[in-house]
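Student: Each chain, letter by letter, is given below.
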Amino acid sequence: MRRVARALAWHELLERTRDRWVLVISALFALLAMGIGLYGRGLGEDAAGALTGPSLVTLAGLFVPLVALILGHDAVVGERERNTLGLLFSLPVTKAEVVLAKFSGRLVALVCAVTIGLSAALLINQQGGRFLLAMTGQTLLLGAAFLSIGILISTLFQRQVTAVSVVVCVWFLLVFFYDLSLLGLLVISDGALSQELVGGLVLSNPAGLFRVQMLAWFAGEEVLANLGLGVGLPGELIAGLIWTGWICLPLLASILLLNRARS
Amino acid sequence: MKTIELSGIEVSFAANHVLKGVDLHCRKGEVMMLVGPNGAGKSTLIKVVLGLVKPQKGGLIVDGQPTRPNKDFKHCLGYLPEAVAFPENLSGRQVLRFFASARGLKRRRIDEVLERIGLIDAAKRCVRTYSRGMRQRLGLGIAILSEPELLILDEPTGGLDQQGLTVLWSVLEEWREKERFVLVSSHDLTLMEHRIDRLCLIVAGKVRAEGTPAELRGRAGLPIKVDFDLFGDGCRVHLFLDQIRSWDRVSSFRHEGKRLMVEIPPDALLELMNQKHLDEETVSAIRVNEPGLDDVYESLLREVS
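Same order as they appear, the protein sequences are chains A and B. All residue numbers in the first sequence are consecutive under our numbering, ending with 263. All residue numbers in the second sequence are consecutive under our numbering, ending with 305.
Heads up, a few of these hints could be off.
[Said to hold, decoys possible] Selected chain A positions facing chain B (Cβ under 7 Å, derived; list incomplete): (1) 3; (2) 4; (3) 83; (4) 90; (5) 92.
[As the list claims (entries may be wrong)] Chain B regions said to be covered by chain A (calculated; three or more residues, Cβ under 8 Å): (6) 27–40; (7) 48–58; (8) 269–283.
Calculated directly from the structure, the hints in this document are not laboratory data. Every value quoted in this text rests on a predicted model; they were computed, and no experiment measured them. Cβ atoms here follow ideal geometry from the backbone N, Cα and C, with glycine treated the same way.
Whole structure, please, built from the sequences with the hints as guidance.
Tutor: Dropping the structure here:
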């Protein structure tokens with residue numbers, strides 16, 4: 001990474017560590033994760049694995065997208081509102097470097113928040129390192145995808161308050177409403193909609209893909225059939241492509257939008 | 001860099017033609033000021049120089065060569081945006097440190113700049129505790145951090161107190177002395193009047209007038225104001241008053257007690273001083289007031305409209 005981009009990424013990380021909203025939500029995530037860890041530990045060794053993992057998946061599936069979207073929502077619109085976007089672009093740096101540096105700096109902040117929360121919970125619950133690694137890795141992919149979406153939203157709007165509103169709507173839509181609406185569609189269509197299609201749609205949503213991958217990891221692939229998804233766990237290549245798409249495409253769109261826009 | 005020119009700049013946003021063939025020549029060691037009504041295209045012109053807006057026609061010419069505002073050019077650039085704000089949770093030093101590291105400058109330079117802009121004692125405080133003037137000084141500090149060849153200041157006087165203005169004047173003076181380029185956009189003509197070398201009036205996307213303040217004063221042809229302190233109301237004073245009142249070059253005549261205020265064309269000053277009854281027995285003091293740049297601006301604006 002070039003000097004300017006490196007400096008910007010570091011500056012972004014520093015700024016995020018001072019952002020009280022990020023700190024509050026990260027602390028809340030860590031506390032809840034630790035709570036789950038303590039509860040699982042109290043139930044005994046057998047119940048611990050069966051309960052703690054899925055509970056942490058649910059918690060991370062709800063919180064991490066929100067933390068990531070909040071981290072990303074002001075990346076560009078914040079600079080625009082402060083009138084510093086021009087100042088930033090007056091530095092010897094390209095717009096692509098600015099977007100990537102902002103993403104990198106904020107991703108490091110997200111990594112810290114997620115790792116601290118999950119590590120605390122899993123250490124309390126005395127889970128193994130492999131479990132921690134898998135959980136953290138998947139959670140970070142989920143976070144990176146939503147961070148990327150947050151940055152795109154931040155590029156699209158002129159006012160931070162609009163970006164915040166859109167971010168909340170996107171979180172609600174992708175994390176809650178999407179699965180429910182697919183379920184609703186399945187019921188309404190009375191079998192006309194194939195289970196494969198619904199399953200494919202579930203997996204095309206980063207929040208859905210995260211849940212399915214993690215549940216399959218904890219309980220085996222047969223759990224997907226029990227859930228009526230009608231599709232198997234996507235292969236590593238397909239899953240990798242879906243994650244790459246969700247992480248890279250919004251960033252690419254942000255760069256294109258910034259190159260077209262008058263700052 | 002020896003010369004910086006903008007040649008035939010045309011910028012349109014959809015059907016809105018913001019700049020319609022702007023030519024501008026920045027000279028070394030001169031402070032060039034852009035003036036014009038809101039929406040005239042000044043900020044867009046600055047954005048063209050910064051590379052934030054790509055013109056449909058025309059471009060930047062540096063040392064006679066067409067140049068794109070690329071990274072090399074930006075290395076020579078310092079910019080103070082209008083009404084700039086910074087991350088509230090960072091300290092002034094942290095904000096400066098980011099820009100210094102982005103430009104590859106040593107930490108010592110941060111202290112030098114903090115000292116210069118008068119924020120060394122407030123360097124560790126969060127920006128949210130800064131007044132508007134202090135934020136503006138921080139913005140100025142960022143602009144001068146790398147001692148750029150071209151300094152672009154958008155409304156630099158906004159919110160500055162006397163101490164801040166002194167810093168700004170010293171920066172302009174230094175850049176002038178070191179034969180660098182300064183481009184200022186401001187509405188504050190009264191404050192900037194004695195600090196600039198050239199003025200460029202932009203109206204509706206076109207350069208309508210350009211020159212030194214003296215040249216533009218001459219073009220505007222506004223009357224100069226002459227203020228006399230009179231000795232009582234004796235006979236000679238009355239003769240002097242009658243003579244001035246009846247003089248056909250006086251465009252405005254106001255007599256209040258021991259004070260006389262007249263307006264005459266700039267070329268009539270010598271003639272006025274040679275009036276028959278103007279001597280030490282009639283007048284105790286004379287003050288000559290040239291029209292301010294704000295008056296010149298208003299006049300030129302009326303002329304081009």
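Student: Three residues or more, CB to CB closer than 8 Å: is that satisfied between the region 48–58 of chain B and chain A?
Tutor: Held - the region 48–58 of chain B has 4 residues with a Cβ nearer than 8 Å to chain A, which meets the minimum of three.
Student: Checking hints one by one. Is residue 83/A an interface residue toward chain B, by the C-beta closer than 7 Å rule?
Tutor: holds (5 Å)
Student: Are at least 3 residues of the region 269–283 of chain B within less than 8 Å of chain A when you compare beta carbons?
Tutor: violated (count 0)
Student: Checking C-beta pairs, does the region 27–40 of chain B have three or more residues closer than 8 Å to chain A?
Tutor: Result for this restraint: violated, n = 0.
Student: Taking 7 Å as the limit, does the beta-carbon of residue 90/A come near enough to a beta-carbon in chain B?
Tutor: holds (4 Å)
Student: Min Cβ distance, residue 3/A to chain B: is it shorter than 7 Å?
Tutor: Holds, about 6 Å.
Student: Please check whether residue 92/A passes as an interface residue: C-beta within 7 Å of a C-beta belonging to chain B.
Tutor: OK, holds: residue 92/A within 7 Å of chain B, min 4 Å.
Student: Minimum Cβ distance from residue 4/A to chain B below 7 Å?
Tutor: Since chain B brings a Cβ to about 5 Å from residue 4/A, closer than 7 Å, the hint holds.
Against the hints set out earlier in the document, violations occur for numbers 6, 8.
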